[in-house]
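Asks: Going down the list, the sequences are from chains R and D. Numbering-wise (our numbering), the first sequence opens with residue 1 and increments by one. Numbering-wise (our numbering), the second sequence opens with residue 1 and increments by one.
It is possible that some hints are incorrect.
Pulled a few chain R residues facing chain D out of the computed Cβ check, cut under 8 Å [said to hold, decoys possible]:
hint	residue
1	102
2	113
3	114
4	119
5	120
6	145
7	146
8	148
9	151
10	156
No wet-lab data here; the hints were simulated from the structure. Glycine included, C-beta positions come from ideal geometry on N, C-alpha and C.
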Amino acid sequence: MNYLKLMIPVALLALAGCASKDGASSADGMGEGEIVDGDGVSTYGGSDGADGMATAIGDDRDNVIMNDRIVYFALNSAELDVASMELLKQHGRYLADNPGEKVRLEGHSDERGSREYNIGLGERRAVSVQSILLVQGASVDQLVTISFGEERPADLGVDEAAWAKNRRVELVYER
Amino acid sequence: MRFIRAKLLLFVVVVSLSQALHAELTIEITKGQGEAVPIAIVPFGWQGQGASPFPIADVVASDLARSGRFSPVPESEMLQKPTTGADVDFSDWRILDTEVVVVGRINPQPDGGYLIEFRVFDVFRGEQLLGYRVTSDAAGMRRAAHQVSDLIFEKLTGIKGVASTRIAYVKVSGDRKKPVYQLIVADADGENVRVLLESRQSIMSPAWSPDGRKLAYVSFENGQSQVFVQELRSGARRRVSARKGINSAPSWSPDGRRLALTLSKGDGNLDIYMLELSNQVLTRLTSWPSIETEANWSVDGKEIYFTSDRSGGPQVYKVASAGGTPVRVTFEGNYNARPRISPDGARLAIVHNDRGNYRIAVVDAERAYTQVLTSGNQDESPAFAPNGELLIYASRAGGRGVLSTVSVDGRFEQKLAATQGEIREPSWSPFPIN
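This is chain D alone, in the form it adopts within the complex (with noise of 0.2 Å):
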């Protein structure tokens, strides 16, 4: 009882912390926005009394450069700086090759919230081509900011936009003999670090449930490998599966009630099963020699992909998640492993040995066509954004782990660094459901 009070007052005392540490991540751009549209998101309008209580375009321009495909005009540059529709000149924006202008307010309310009103022109046609009003609490004004930016996103694109969502990964600090591992889950913008789980014992393969409420993932916490499911609102943790020998790399089913795990059995010999996590009641998918892992479920269900190097080194295979004889589906190169399903089911996220390099690549779910995305040598982990649009990875810049997101046309990137430590194996949340 006492441990596990201490626990939680630890988790309590991190989280305070982490708050204070205001950027704990750094986010870099290091590649190409060539092709993307320039569009200016003009300081909004505070409508009432003292200094405006949040700086939403700021939050709204970083949203839109991180999705690779807008170029947001920095404030310095602009010409003007209207908050209504009316006081709009596109004349100064057209000077600038402005394609679209965001305009806006934040007005305050007698309960002490906010209305964010916002409209978005077209500089070319000078037309206004969406309106929007967004209410929010004083606390609610940084998700009020996601918010505004995603809708300008998929009113832009007509893709959902990803500025609500998050990320999970795993950090490791501290002295490099007896590091300290940690469970993190961060705003997908890197704000907002909360850490879930701190141990000295290595932490691996966090994945999100399907409705976003919970992560499973791999602990060595009780000294050998072991699958835990964590609440993320409550810290309730329950741990899933303790057999004999490894217990690893959780995926979950599309409905939540299951999670393909890599048992051993004691025996020596990794394979692919299915845990029903309501009653425990597990069902053995592979039964090869070789090492079979990495399970990842198809977006219907039907099927698991999952890593076997039966053919002698590492490649991708899918089994029907009712049973089944696996099928191989990467014929490219000698190691292609780690499968990650995009959310649209037409492409497969690959760790891929490139003249060896290894590399993040995406494989053609049909023709099996194999391009590399990356150009590190040691890129891992691949996870997608639930638009598909991005790719976050794992990677190493100045000796360190740190994680990179890599468009899926493999012309925009950016790095995420932890200002001090290493960060790994990230996992993207689910779109929130509201």
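This is chain R alone, in the form it adopts within the complex (with noise of 0.2 Å):
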């Protein structure tokens, strides 16, 4: 495990407790989204400062976090192309820098071929990207894999456009 990679967000959050100690009821101890009644004060997520701070620096990381997060595959493989092995690299260094995040890569097949051996495909490609976040520095405990096989289709047609929008892992954020 990284422990200086984990310092310096540490670091940046207790300054930012420092920041919101002033105006916001995270003082006393209240828990993140508590409302409080009748205060004056009412803070929704009583470290506003601290969430200001984050938002700032991990602005574009976050958008790609929660916005890119599948990455598809060809028939019958495991393979990851150069387009995305860099959005899992993102992926990755974010897993790395954020030691609490979890993630379960849920990967899938399309739907020829036999159910359970594409239970086999789907955990295959869900391993394939699991290599990479690893690389990147996730922990292993961030990590989960899952292998749906052909059950859950993204696209219920049945041709190869829809075939391609099935072969994939998808990033599903623990939140």
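Mind docking these for me? Both chains are given alone in their own frames, and the hints should help you get the complex.
Replies: This is how it looks when you write it as structure tokens:
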């Protein structure tokens, strides 16, 4: 585990905590998301300041993490193309920088061929994604692989275009 | 506790609904009865008051038609409708080229049950081949009719009939974005549909225990694939494998004491394991980095067939259940998966890629000769009938999943479709144990 990598984000959070102490109710120990009644200082997510700082730094990364979470595969393959590798590197670095984050790697196949073998293909794809994330510094306990084989198609069509959309791994962040 | 009660309530509600929905499955013969034997099952005579308690002849005719070997004469074409042997006029039947005539009677019994007697005649020789009596209570008449079918079938062909067997399958219905999955058991003719499990998550791979009392299956109800064993009569379920990662593709040993399973143990590598059900002892059978799955136990229990893509694409292998080096079994084509051994051990049914189409093929276990039996492009999940004569499998028709049955020689085919929703992953029960 690379502790040096963790130290900087933690330090930033600590600073953020100091900044918000003045105006917010975070000082009285209420958890994030609690609305304080009749206080005149109602804050939803007491550490407003901290949020602000974190968002300012991680803006682009958050967009990618939130919106670009699926990688696709060729028929019977678990190989990642260059664009997918680049995307996964970003996710990998995000996970490395945010050790509290956990992600489920959900692997899928298209509907052709045998169902249980397709469970295997989905898993192989999820493992392929997992390897990239680990190389980028994500830790093993942040990642879980699961395969749905052909059981959960994204596209119910019965043609090459639909099948291509189903051969995928989805990164599902547990938030 | 509340959850379990709610689940039971749902089960009960669903069962009584399905009994009301009489025709939940439709059956359509789609190919060739060209060489089928013309047989007349004359409506059985009712010896009591009022209407006949049950259309035995209809059910028998339907059972024999679905075997692929018989072509029943429609009642409207019958020149006479005898109910005893003495009344049979063989010349009338020879005119129709009927080869076999079955006549019978239903007699009311003092205890409220029925005595069914029937006789089977060879038209050309003018001889009785079989005479039999079957008793039944009022509720068991459908089962009795299937018994009559099996007696006739076995007398005429020398092969045990499957009219009294059942099938299990998975049904998917409702909103396509949020479907409902059901594990269903029905009679082989599609009657008596019973929902065993209903879930919002996928159900896969139902497998009958050798004693016909339980089903093993895969359920995603807890978020990941896990293997359950459920007793049909009581509905009691036991979760038998919920190890980290994948738990899938269960197959029963012939003595019913072990399950072959696919596990990944959380390390992403699928392999075949054996699970002793009484004590949860697990034995690993393969340890290749490739995908090993879809185990199927041999008839004598000494070997396990399975799919492996070790060679670059899925092929069928077998390994000794006592452990050993796996041996490859299929060599024709680049995709051979999902092996199912025939009841006599002589053949393997597989999913085979035939020029880009996924079809059911049968491989001769000795000479590895492959014969493609079906003509769809997404055929899968083959299962033998316990007499080895027919294969049921999943295919697609009209844009949705249906089940099809094909005779092992490929000449006869029929289609089973749900009146709504999709059905898939069929498994054929063993012969009932009496």
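Asks: Of all the hints numbered above, which does this structure not satisfy? Sort the numbers upward.
Replies: Per hint list: single violation, 1.
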